[in-house]
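A.B. asks: For reference, the chains in residue letters:
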Amino acid sequence: MQAGQNNTGAALKDLGPGSQYLTYSLGDEVFAMDIRSVREIIQYGAITAVPLMPEFVRGVINLRGAVVPVIDLQSRFGRDQAKIGKKTCVIIFDASQGGEKIELGLMVDSVSEVIDIADAHIEQAPQFGTSIRRDFIRGMGKVGGEFIVILAPERALDVEEMAALAERV
Amino acid sequence: MSNDADLDFIAQAMPAFISEAAEQIEAIETLLLELEEQPDNRELLDSLFRCAHTVKGSAGIFGLNRVVEFTHHVETLLDKMRDGDIALTPDISTLLLQCNDQIKFLVDTAADESADTAEQKDLRADLVVRLRALTDGNAQPVQAAPAAVKQAAGGADAGPQVWTISARFGPETFRNGMDPLSIARYLGSLGTVVRIKCGIDTVPPLVNLNPESCYLSFLMELETSSSREDIEGAFSFVMDDCELDVVAPETHGQKLVRAIEEMPETPRLGDMLVSVGAVSQDKLKEVLSTQQQTRGMPVVEKAKIGDLLETQAGVPPEAVAAALGKQQKLREGTPSEERYIRVQADRLDAVINLLGELVIAGAGATLLARESHQVALIEANLHMNSLIEEIRNGTLGLRMVPVGETFSRFRRVVRDTASSLGKEVNFEIVGGDAELDKSMVEKIADPLMHLVRNSLDHGLEPPQERINAGKPAAGKLVLSARHETGAILIRIEDDGRGINRERVLQRAWNRGLVEQGVVPPDDDINMLIFEPGFSTAEQVTNLSGRGVGMDVVRRNIEALRGTIRLNSNPGKGLQVDIRLPLTLAIIDGFLVGVGKSKFVLPLESVVEVIESGGDNVKVDSHGRHCVELRGAVLPVVRLRTLYTVESSLPDRVSIVVVSSLRGKFGIEVEVLLGQNQTVIKPLGRLFRTLRGISGSSILGSGEVALILDVTSLADLATGALHGFSAAQTPVTAAVSTALSS
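Protein chains in written order, with this note's numbering: chain A, 3 to 171; chain B, 2 to 742.
Source of the hints: derived by calculation from the structure; they are not laboratory data. Ideal Cβ placement from N, Cα and C applies to all residues, glycine included. Hints may contain errors.
Stated by the list, open to error - Listed next, the stretches of chain B that the computed footprint assigns to chain A, with coverage defined by at least 3 CB atoms under 8 angstroms from CB atoms of chain A: (1) 356 to 363; (2) 393 to 407.
To be verified - The list that follows gives simulated cross-link-like pairs (lysine-lysine, DSBU-like), each with its CA atoms no further than 35 angstroms apart: (3) A:K89 with B:K599; (4) B:K477 with A:K85; (5) A:K103 with B:K439; (6) B:K439 with A:K89; (7) B:K599 with A:K85.
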């Protein structure tokens with residue numbers, strides 16, 4: 003790691019390669035996702051509900067002329083729909099699959115910060131004890147003595163799977 | 002090529018051929034390169050052969066003999082490679098790539114014979130020799146390229162009625178029992194041989210010489226009164242294996258014309274004529290000064306230099322015309338083949354997308370202007386909007402192509418299908434110049450093909466049956482297209498037996514599509530043929546009758562926001578009407594509100610709007626919603642209920658009456674927000690299962706509104722495909738009952 007990049011995580015010293023992660027909160031839990039697929043973060047605003055869709059599809063928004071679906075992450079994890087608060091944000095992220103460009107919005111309670119986590123500090127998801135599906139988790143990142151769930155967006159937000167769920171509604 | 006219509010057709014289709022051939026040529030190159038990596042890949046070799054064959058075939062249709070001749074040699078080699086006689090070596094690969102370049106050159110210059118210079122001809126001849134060397138099993142390296150026999154022709158001193166004949170015989174000539182000398186003798190009997198020269202440039206060094214092969218060519222000047230046919234007739238037995246060039250005698254004027262055409266770019270008329278020797282420099286000066294005197298006169302009386310040169314300097318009129326033509330071409334700077342610009346489709350799409358944004362932004366600005374109540378601002382915005390609309394129409398026009406190209410593809414299909422079925426048919430195409438968005442044209446081809454085959458297979462009767470029914474033996478099939486208020490109407494019409502309703506109904510009963518004993522109205526019975534898994538053909542033919550297809554046809558057309566309608570006249574014929582929007586990008590919409598949600602209805606499907614108190618919507622004992630409209634019961638879809646929109650029911654609601662494929666029905670909404678132009682934004686894969694909604698649209702305010710698809714909304718409300726079955730929810734029962742009454 004180059005010296006200049008150490009400002010956020012002192013724990014990174016001599017721990018080999020790592021990546022930057024965006025952390026955000028859902029309820030009282032903190033999650034993280036790889037910053038590279040994040041396009042932008044916008045404030046939660048006017049949203050158009052789309053009927054006959056599963057609860058976790060909150061609707062669509064107008065992102066500078068593009069219509070982007072917004073997913074309620076809480077609800078996707080099988081919990082109650084997220085409450086809309088002052089800090090509610092939408093993370094626009096790139097969920098492109100097989101050459102087709104797809105953008106999705108992720109509704110979260112609040113966005114915290116961008117941190118570095120060394121690969122050496124990421125552990126496998128535990129076999130049990132998590133409240134969300136294990137394949138939704140890429141790993142557990144150890145940050146300051148606490149573990150943060152690093153999301154596997156390609157699984158948790160797989161467009162094909164979500165569309166199949168929509169069919170059953 | 003017997004009449005003008007054919008020539009016209011060829012001229013129109015030429016750009017399409019060139020662009021298609023260019024794609025094939027590109028594919029050949031890619032395939033060759035791939036084949037180099039995997040020389041044993043049979044599939045690549047097959048596609049390679051197909052590509053070459055396609056180029057040759059379509060060039061043949063357009064009478065581009067140079068392309069056909071040359072490609073034929075390439076094809077022969079590829080065929081041998083397919084048979085395993087010749088393996089692909091890097092040398093052969095290189096040769097084929099060079100040949101491909103030559104094909105490209107020939108196709109590019111298809112419209113302009115003069116671009117085919119002697120140099121290119123030599124190159125081509127060389128390639129042919131090398132190809133032949135391979136295909137004849139004669140793998141010897143072929144040496145020097147044959148020298149330009151043709152060039153000698155240019156320098157020849159040709160008198161009147163003197164034909165220049167250049168013949169290059171193929172290596173097989175002797176083996177085929179032919180003798181160039183006897184041909185030369187025969188030609189001599191037609192007139193007087195002014196000059197004859199034997200070409201020996203292609204004779205290889207002695208070591209490589211095959212005494213049975215012919216390496217000779219001759220150049221002859223023949224003074225004769227015989228026609229071109231007579232002269233070429235002398236070569237009829239060697240034609241397949243001989244490169245023949247018969248140059249017609251030139252008059253003085255024609256010679257000048259040729260000289261002008263071959264001249265490098267010289268902009269001034271006079272200079273052009275001087276340099277080919279049509280007029281002397283002095284004479285030109287004289288003429289020019291005459292013209293000077295007329296300067297200042299009205300344009301009509303002003304002498305044209307061309308006319309003066311003709312009258313005063315005795316320049317042949319055709320030479321002046323040729324020079325003028327050349328000058329015109331130079332001024333335009335664009336030869337005729339550049340009337341088309343090939344643009345990458347995605348660039349055009351990008352522009353159209355931006356235009357969509359502009360339409361939205363324009364609507365937003367207009368909205369703000371209205372709110373500001375400043376008249377000048379509103380007017381400025383209105384002006385801008387009308388400009389945007391013009392640009393929109395112009396840009397969408399760029400994507401428009403005539404449907405005729407797709408239609409004419411069916412000629413062959415109709416002919417082949419009819420003959421395999423033992424039926425006679427007169428196929429007519431009407432209105433092929435009606436234009437449609439390119440992407441639509443591509444997507445409509447398959448459904449149309451299916452419908453055409455269906456008409457041939459099920460609709461038209463065999464000749465004997467037709468005669469018995471008092472109809473002419475040959476059936477009639479008409480494919481027509483015309484524009485109709487923002488849409489295109491494509492009609493497939495035959496004079497066959499029409500739809501046999503009893504049989505359709507019987508089948509529907511058997512398959513449970515309609516409850517036993519229930520007889521829906523005629524039109525509904527006709528539409529049953531579009532249900533999945535429906536087929537009444539007693540026998541499954543290899544053309545149609547498998548029951549897949551008609552439902553796919555309907556789905557494809559509906560996916561294009563189109564509608565399909567049948568007009569069957571039993572015993573007399575069937576009309577299939579397909580109505581398609583002109584473009585997929587923008588529609589005229591009617592904006593309505595339900596609660597906080599806004600929906601756009603395609604304006605073309607809106608019939609009328611009724612205001613009514615909330616209690617005017619009657620709910621009968623089964624919980625069905627309906628209103629009375631001029632004495633008739635109109636089923637109503639309550640968007641609020643159907644889409645579970647949360648809102649308190651207002652006192653007054655409006656009912657938008659829409660017409661759909663399934664009939665008229667009402668949509669209950671709370672607010673009417675008026676007409677707007679709407680850019681369709683597809684909702685993407687996540688929403689692919691969504692029914693009743695065809696897309697989304699961004700309003701001037703930046704909000705997203707959903708676009709309702711009335712046909713699938715009716716389906717959704719009637720419980721989709723179970724329209725005639727017993728199990729129905731209250732809302733759907735109301736709709737389906739009314740729709741089928």
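A.B. asks: Now tell me if each hint is right for this structure.
C.D. replies: Tested hints:
no.	hint	verdict
1	356 to 363	holds (count 3)
2	393 to 407	violated (count 0)
3	A:K89 with B:K599	holds, 27 angstroms
4	B:K477 with A:K85	violated, 66 angstroms
5	A:K103 with B:K439	holds, 23 angstroms
6	B:K439 with A:K89	violated, 47 angstroms
7	B:K599 with A:K85	holds, 23 angstroms
Against the hints set out earlier in the document, violations occur for numbers 2, 4 and 6.
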